[in-house]
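Going line by line, the protein sequences match chains A and P. Under the working numbering, think of the first position of the first sequence as 1, with each following residue one higher. Under the working numbering, think of the first position of the second sequence as 1, with each following residue one higher.
It is possible that part of the hints are untrue.
Said to hold, decoys possible - DEER-style ranges, computed between Cβ atoms:
#, chain 1, residue 1, chain 2, residue 2, range
1, A, Gly-209, P, His-72, 28 to 34 Å
2, P, Glu-104, A, Glu-230, 58 to 64 Å
3, A, Thr-99, P, Leu-63, 43 to 49 Å
To be verified - Selected chain A positions facing chain P (Cβ under 7 Å, derived; list incomplete):
#, residue
4, Asp-46
5, Asp-47
6, Ala-49
7, Val-50
8, Asp-143
9, Gln-172
10, Pro-174
11, Pro-177
12, Arg-178
13, Gly-179
14, Asp-194
Said to hold, decoys possible - Under the rule of at most 16 Å between Cα atoms (straight-line distance), these lysine to aspartate or glutamate pairs were calculated in the EDC-like manner:
#, chain 1, residue 1, chain 2, residue 2
15, A, Lys-229, A, Asp-218
16, A, Lys-134, P, Asp-68
17, A, Lys-44, A, Asp-218
18, P, Lys-78, A, Asp-46
19, P, Lys-69, A, Asp-47
20, P, Lys-66, A, Asp-143
21, P, Lys-78, A, Asp-47
22, A, Lys-134, P, Glu-73
23, A, Lys-44, P, Glu-73
24, A, Lys-180, A, Asp-91
25, A, Lys-53, P, Glu-73
26, P, Lys-120, P, Glu-104
27, A, Lys-144, P, Asp-68
28, P, Lys-66, A, Glu-48
For the record, the hints were derived by calculation from the structure and aren't laboratory data. Note that the coordinates shown come from a computational prediction; the quantities given were computed from them, not determined experimentally. We put the CB at the ideal spot given by N, CA and C, even for glycine.
Here's the letter readout for the chains.
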Amino acid sequence: MDHNDMKETNKIDQYRRKFLGGSAVAAAGLALAPGVFLHTVQAKPDDEAVSNKNRWGLLIDTTKCAEGCSDCVTACNNEHGLREIHGPATDSQWIRHVTLKNKQTGHQIDMPMMCQHCEKPPCVDVCPTGASFKRTDGIVLVDKHICIGCRYCMMACPYKARNLVHEVLTDQLPTAPRGKGTVESCTLCVHKVDRGDGTTACAEACTAGVILFGDLNDKNSEISQRLAKEGGQQLRAELGLNTGVRYQGL
Amino acid sequence: MNTRQIIRLLTATAILLWSFNSIAASQYTGPNRDANGNIVPTPKGEKCVEPTADMRANHMKYLLHKRDKTMHEGIRTKQHSLVQCINCHATPGADGKISRVFEEDSQHFCSTCHASASVKLDCFECHADRPVESFSQSQIPAPNRRSEAVNGSIKPHVAYNRKVQ
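Just chain A, with the same shape it has in the complex:
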């Protein structure tokens, strides 16, 4: 392809972009019924399947995260019935409070770490049974019915977000079924998302406002607006996983 051809192609692409952009705006305008705003979180009807119209994610402002606080961890544990069994070495941790200290400067960052809900999740790539999967709305889950507990996904995850349940469990909550020999991790409070709560247990519990839950696909959502204005980093962005959890202040 010579130089002129390239120019021509670029022109066509520009034209396409303009046209598509314009028609998308028109479509959005048409879809709006009087009094209905696009950015409100609407509860999905129970019988409707989730779709890729939404991409759920979190924005975490590490500058507000306080040292020694574990409100989000406690809230997550309560929400999903995670109880202490044999201590942190083997107990499931869906959120961990991570403290990073630069020894040279003494600068310290506190932040919650959980499943990053990647667009291209390595845990899904390696799963031999198809138990590890990504829902169309971007939430990465384990189908424990078909998980064989091989732990490949735990090895593949660059964020060490996943846990294997080592013990026989009792008194699991109806909203969070968990069992021995299966892998689990943060579900982005999928039961709350499906219920239309529009938030997660950790985001609710954080009184400092570190964690914001929202729809990354909705340009009018608070999370998208803040990302557009203030920006947000992916952890290990070089892996190209396009994570659903973004961090500020790193």
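The hints should help you fit chain P onto chain A, whose structure is shown.
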């Protein structure tokens, strides 16, 4: 008493006992019993989501279908949902307690039949075998904690090092 009389007496006794038994069975107003005579907790509500015979034969198929719909597509209708089965069928017995699936001589709705049919019941190794209302307070997730914090009933950061019950 000759042999014939003895036989007659035994037959009469047997008939008498059998008729008592059947009268007792027809007038029995205690707990529900399934086809094999196991006591089954009385469910809430008037009728099941499908006819009883259909449910006896096909409940596992309905649950399997619904399981995949819920897990992968986020469809959480009440029809054929395991949580709803439990909400209706796991009811307190005569002693006021909800029988648990894995306890000895369980009177749980699911386990009575599964025990007599010798079919292993895996669901409840992960899923709750009783409605969430019957959990003790410490086991139920705290409601909106942010609102509690705003009201001043909990202070931020007090949760540090607190062990989860």
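To see whether the hints hold, each was checked on the structure:
1. For the hinted restraint 28 to 34 Å between Gly-209(A) and His-72(P), the CB-CB distance of approximately 33 Å keeps it satisfied.
2. Separated by about 59 Å at the C-beta atoms, Glu-104(P) and Glu-230(A) satisfy the suggested range of 58 to 64 Å.
3. Roughly 44 Å separates the CB atoms of Thr-99(A) and Leu-63(P), a value that falls within the hinted 43 to 49 Å.
4. A cut of 7 Å between beta carbons decides the hint on Asp-46(A): the least distance to chain P is about 5 Å, and the hint holds.
5. Given the 7 Å rule on beta carbons, the hint for Asp-47(A) holds: about 5 Å separates it from the nearest Cβ of chain P.
6. Hint status for Ala-49(A) relative to chain P: holds, with the closest Cβ pair at about 4 Å, below 7 Å.
7. Interface hint at Val-50(A): satisfied, since its Cβ lies 4 Å from the closest Cβ of chain P, which is below the 7 Å cut-off.
8. A cut of 7 Å between beta carbons decides the hint on Asp-143(A): the least distance to chain P is about 5 Å, and the hint holds.
9. A distance limit of 7 Å between C-beta atoms decides the matter here; for Gln-172(A) the minimum to chain P is near 6 Å, and the interface restraint holds.
10. Here the hint on Pro-174(A) is kept, as its CB sits about 4 Å from the closest CB of chain P, short of 7 Å.
11. Checking Pro-177(A) against chain P: minimum C-beta separation of about 4 Å stays under 7 Å; hint holds.
12. Contact between Arg-178(A) and chain P, as hinted, is supported at the beta carbon level, the nearest pair being about 6 Å apart and thus within 7 Å.
13. About 3 Å separates the beta-carbon of Gly-179(A) from the nearest beta-carbon of chain P, less than 7 Å, and the hint is met.
14. The restraint placing Asp-194(A) at the interface with chain P holds, with a minimum CB-CB distance near 5 Å, inside the 7 Å limit.
15. Only pairs whose Cα atoms come within 16 Å are accepted, and Lys-229(A) paired with Asp-218(A) is accepted, the gap being roughly 15 Å.
16. This hinted pair checks out: Lys-134(A) and Asp-68(P) have alpha carbons roughly 14 Å apart, not beyond 16 Å.
17. As the CA atoms of Lys-44(A) and Asp-218(A) are separated by approximately 15 Å, the hinted pair is consistent with the 16 Å bound.
18. Of the supplied pair hints, the one linking Lys-78(P) and Asp-46(A) holds, its CA atoms being roughly 9 Å apart against a limit of 16 Å.
19. For a cut-off of 16 Å, the pair hint linking Lys-69(P) to Asp-47(A) stands: about 10 Å separates their Cα positions.
20. Between the alpha carbons of Lys-66(P) and Asp-143(A) the distance comes to roughly 13 Å, so the proposed pair stays at or under 16 Å and holds.
21. Annotation: proposed proximity of Lys-78(P) to Asp-47(A) holds, straight-line Cα distance about 9 Å (limit 16 Å).
22. Taking the CA atoms of Lys-134(A) and Glu-73(P), the gap is near 10 Å; set against the 16 Å cutoff, the hint holds.
23. Taking the CA atoms of Lys-44(A) and Glu-73(P), the gap is about 12 Å. The hint holds against a cut of 16 Å.
24. Taking the CA atoms of Lys-180(A) and Asp-91(A), the gap is about 12 Å. The hint holds against a cut of 16 Å.
25. Proposed proximity of Lys-53(A) and Glu-73(P) is supported: the alpha carbons are some 13 Å apart, at most 16 Å.
26. Simply put, Lys-120(P) and Glu-104(P) have alpha-carbon atoms about 15 Å apart, close enough for the 16 Å limit, and the pair holds.
27. For the proposed pair Lys-144(A) and Asp-68(P), the alpha carbon gap of about 11 Å is at most 16 Å, so the pair holds.
28. Restraint check: the Cα-Cα separation between Lys-66(P) and Glu-48(A) comes to about 13 Å, which is no more than 16 Å; the hinted pair holds.
Checked against the numbered hints given earlier, the structure satisfies every one of them.
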